[in-house]
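Colleague: Residue numbers (the working numbering), protein chains in the order written: chain L, 1 to 80; chain C, 81 to 160; chain A, 161 to 393; chain Z, 394 to 1136.
Hints are computed from structural coordinates only; laboratory data are not their basis.
Please note that a few of the clues may not be correct.
Unchecked claim - Straight-line C-alpha distance at most 27 Å; calculated DSSO-like pairs for lysine-lysine: (1) C:Lys99 - L:Lys56; (2) A:Lys162 - Z:Lys444; (3) Z:Lys935 - Z:Lys444.
Listed below, chain by chain, are the residues.
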Amino acid sequence: MKARIFVTLKRGVLDPQGKAIQRSLSHLGFEGVEEVRVGKFMEVRLAAMGRADAEKLLHEACRLLLANTVIEDFRFEIDG
Amino acid sequence: MKARIFVTLKRGVLDPQGKAIQRSLSHLGFEGVEEVRVGKFMEVRLAAMGRADAEKLLHEACRLLLANTVIEDFRFEIDG
Amino acid sequence: MKIAVLVFPGSNCDHDAYHALRHVLGLDACFVWHKEDRLTGYDAVVIPGGFTYGDYLRTGAMAKLSPVMGAVRRFADGGGPVIGICNGFQILLESGLLPGAMIANESLKFICDYVYLKNESSTVPFTHGIPSASILKIPIAHYQGNYYADRETLSALEGNGQVVFRYCDEAGNVSPDANPNGSVGNIAGICNAGGNVLGMMPHPERCSEEEMGSADGRRIFTSMVRWLEEKGR
Amino acid sequence: MREVAVTPELARQHGLSAEEYERIRKIMGRDPSVTELGIFSVMWSEHCSYKSSRVHLKKFPTKGPRVLQGPGENAGIIDIGDGMAVAFKMESHNHPSYIEPYQGAATGVGGILRDVFTMGARPIALLDSLRFGRIDHPRTRYLVDGVVSGIAGYGNCIGVPTVGGEVYFDESYDGNILVNVFTLGVVRHDRIFRGTASGVGNPVIYVGSKTGRDGIHGATMASEEFDEKSEEKRPTVQVGDPFTEKLLLEACLELMKTDAIVGIQDMGAAGLTSSSFEMASRAGTGFLMDLDLVPQREEKMTPYELMLSESQERMLIVAKKGREDEVRGIFEKWDLDFSVIGEVTGDGIGRVRMGGRTVAEIPIAAVTDDAPVYNRPAARPEGQDAMLRLDFSALPSPADLTETWKRMMGCPEMADKRWVYRQYDYMIRTNTLVLPGSDAAVLRVKGTKKGIALSVDCNSRYCLLDPYVGGMLAVCESARNVACSGAEPIGVSDCLNFGNPEKPEIMWQFRSAIEGMAKACEAFKVPVVSGNVSFYNETKGKGINPTPTVAMVGLLEDVSTRLVQWFRQEGDLILLAGADRNAVELGGSLYLNEVHGKVSGTPPEADPAHEARLCGFLRAAASRRLLASAHDLAEGGLACALAEACVTRPAGPIGAAIANPFPESIRADFAMFSENQGRVLLSCPPDKKTGLLATAAEFRITMESLGTVGGTAVEIEGIARVDAQEMKTAWAGGLTGALGFGG
Ligand SMILES: Nc1ncnc2c1ncn2[C@@H]1O[C@H](COP(=O)(O)OP(=O)(O)O)[C@@H](O)[C@H]1O
Ligand SMILES: [Mg+2]
């Protein structure tokens, strides 16, 4: 069973990485890129379990460890 | 115009962070998590342009900067 | 002898390299801003450590795009000696001047400490005259020094004797216990096929004076100087 | 823009008392606008106004022949001769670090670095003094990991070495950790800059990062008590950007090589507000600023938000009129935002405009000089005497002293802190000659023969039991630590971490601690030139141990005379300086706490006059090259100092055997761990002994020869003996073991 977790900075929170990336892209001549926000993307392999259990597990895992909810939001997708 | 870029470690390249996360999750008692692979997720705001141009731009940006193709793969989605 | 010390936004070992080269070894070291696109008149190039562009995205990733890196490539193609230290090594990897890539230390911690290196090739400019299998005491300070390369690349490196330094213990044993960051094959430094481009994670510029606790780093710079002198003749 | 109506209730929510709000209305002669209310609230917050602490801070000695800049600027400056000076300051980032340990600690480092380079000094060293809750508290491990990597993440990236600090664990910090960070920089006398906005008509310039809605109310947050809600608050915590700060550092130092600027100040707590008002206040001028010209990261920001934002990595500059383009050029080279946002005026009023309207118009003096000053009631807590009572004879003697000894060395407070400092780049800039692991770090000052020694110390158990004595001892220990490296103590910065000053008991602790520190500083003739006060370190009404951390700066005229704490050489003689101080002093000791689970008793006697002579002796002995090592006796007393001198040796542990300097009559465990102050464990080559004793006599320091370095065991004859390697293992694994971190 597979799942994908997305952890992103809350809006309004400064993203130094994104800022630096956007800068160097425009130095490179990619003017078209107006903003970049960098987040984490996690691919997770889960043992076979009910969908509801998987959701509960991922939600808890994000809350407790994978996301820093003071400055980050998270969401996830579960396959099938 | 919005796009999302996913940068992931190639299969076979070891992922210390993913391993550590998996370990601490099981310490925390999350039994069902068998593997975690950590990648990057970038939300990009683009100036209005044709879809083909956007694809070309993002592909170039990934190849030149956003991904290190020695160890990483990339893919992206463009809205609308 | 004129040595270029490159300065990128976020370089922070540039002054240390400059100090070691100019004030300790008495060489004509000069800072070169990353927007320069020519390196004419220099005998060697040092890419110092630091956190270019904050190490954001990937270490060395944005620095490789600076104009000066084109000049470094041409300088290297012409056989000129180039040494990348720590972040400088990472920049050389990102720019493809050296093969492979860096990932985070196994411990996922920044590590600042003295380590021991075994010198495996005494032919390249930077180890010229340092007997092979010599043991050097040199500090490391990095978060991403865990060298990775795929199997083919590795066997090529090993085959051509491009592995210049390996982490070892005080007695010279290259063992897992002596590996601070998980680097494949305890690799601490490699060179290109031509031997004139060296990348190493440890910091020779930090131990070029006895009072720093080791002066072994100076041996690497003096080798380079000797190599240049002999080549000059 | 619709303006929120300003009510007494809104003022209260801004942390302003009813009286303070009335005072504002009187000053203004009208109701303040919401922006003006915001400005007053941050400027009058404890954090910016020092309203509860000022009357007591005055008691510190702040003058001296070496003082080039005392308190009141962004950092203090001390002359080290040859036209060189050091600028330094310590700051707390306690509350943010508890909410978000990584970013909280990281931005703490960023802030204190700006305080130092804004004076024109190139930062060359950081120290971090850390206090966490019980080591087995569920949150401690997470906080330790986050705080340490946050300090590493910022300090390493910007390239300033973290060369020393402390780590303590105590349940009084369970809900209020302390993260105090110190920075020292070097500056030439003729390159010192200050935060003043003089010269009517001069441009006011904004440089650095753009402004977002970061940490609005951070300054007031740092002045509020905690409750559970704090953890859900909208991100008042900012994200640090060490890369931008590195660019800002280089740009500012490049700018300061020109003579284009008049004054400069970082935008720290209360951001644009405090920098603009404080700079005008120092110069006795006013200013006019147009917020539409402020570089902004987010949309639709209000004047209130722009004035109060605490976005990091920003500076405010007053340049000479006509030199704007020179300044612009430098900041553009470094890819930083630059904007002329206003000008200096002569009427002593701060005017802020936006969208063509005046959004704030306040007399500068009103928010600065006329800020409220409180002499809050202070009263000795009833419980105080009870805490001091302790019946030694009732303490059970440990069955096995060698086990107890190892246990003491392996307890988190005593154990090796390498896991922490190994994550810090403590070598960068190649000045660190004595690395972390000795009593004080020693850095060379390139281009001179001089060295700087640094140590930060505070024993908060002593301060809890007797804040006056504890305050004295914090100064004495830090002075002893730098003196043990061969240096002369020349200046102090401090961070005064206390509970809620509105409580008389807390105010008593605060006042007593300051008076103790001041007394000791006078004995050493060291001025306090900078510092920081952090109040309201309370959770659910429970305050932390009073914790006045002291950062001591020491000077070596010749850095080649520096000393380390560990034994160097088989056959060297071991001596104890201050050996006459041999009555049992176990009150507040580590031994009581660790082995007997007690924090009670009278703390050790403090004798600043003796300590000052001791420091003079150490410096003389070092400069005459009579010593091989010097280690001060602190937590864990003689036994732990001896063991440390054996096991901290980088070349590997070495043995030593000494006699027990205490009278026969004293219980063995007491003799080992009694924490009598003013003692230092020395080692010297045999042929130096006569000279050493003569030097000690000059300074009226009692010395006793205790034994010799060598062998494979650490031994106090007739009491206990432990294999040196075994002792090292206990000490080296103590912290990581207790925290459950891999080696
Ligand atoms: N948080 C820290 N950061 C850097 N170095 C530290 C830290 N904590 C402790 N150290 C270093 O570990 C050594 C031992 O610390 P400590 O026991 O507090 O020394 P002392 O008791 O002599 O003040 C010192 O060199 C100190 O600088
Ligand atoms: Mg201490």
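Colleague: Indicate, hint by hint, whether the structure satisfies it.
Modeller: Hint-by-hint comparison with the structure:
1. C:Lys99 - L:Lys56: Measuring from Cα to Cα gives roughly 22 Å; hence the hint holds.
2. A:Lys162 - Z:Lys444: 58 Å, violated
3. Z:Lys935 - Z:Lys444: 22 Å, holds
In summary, the structure is inconsistent with hint 2 from the numbered list given earlier, while agreeing with all the others.
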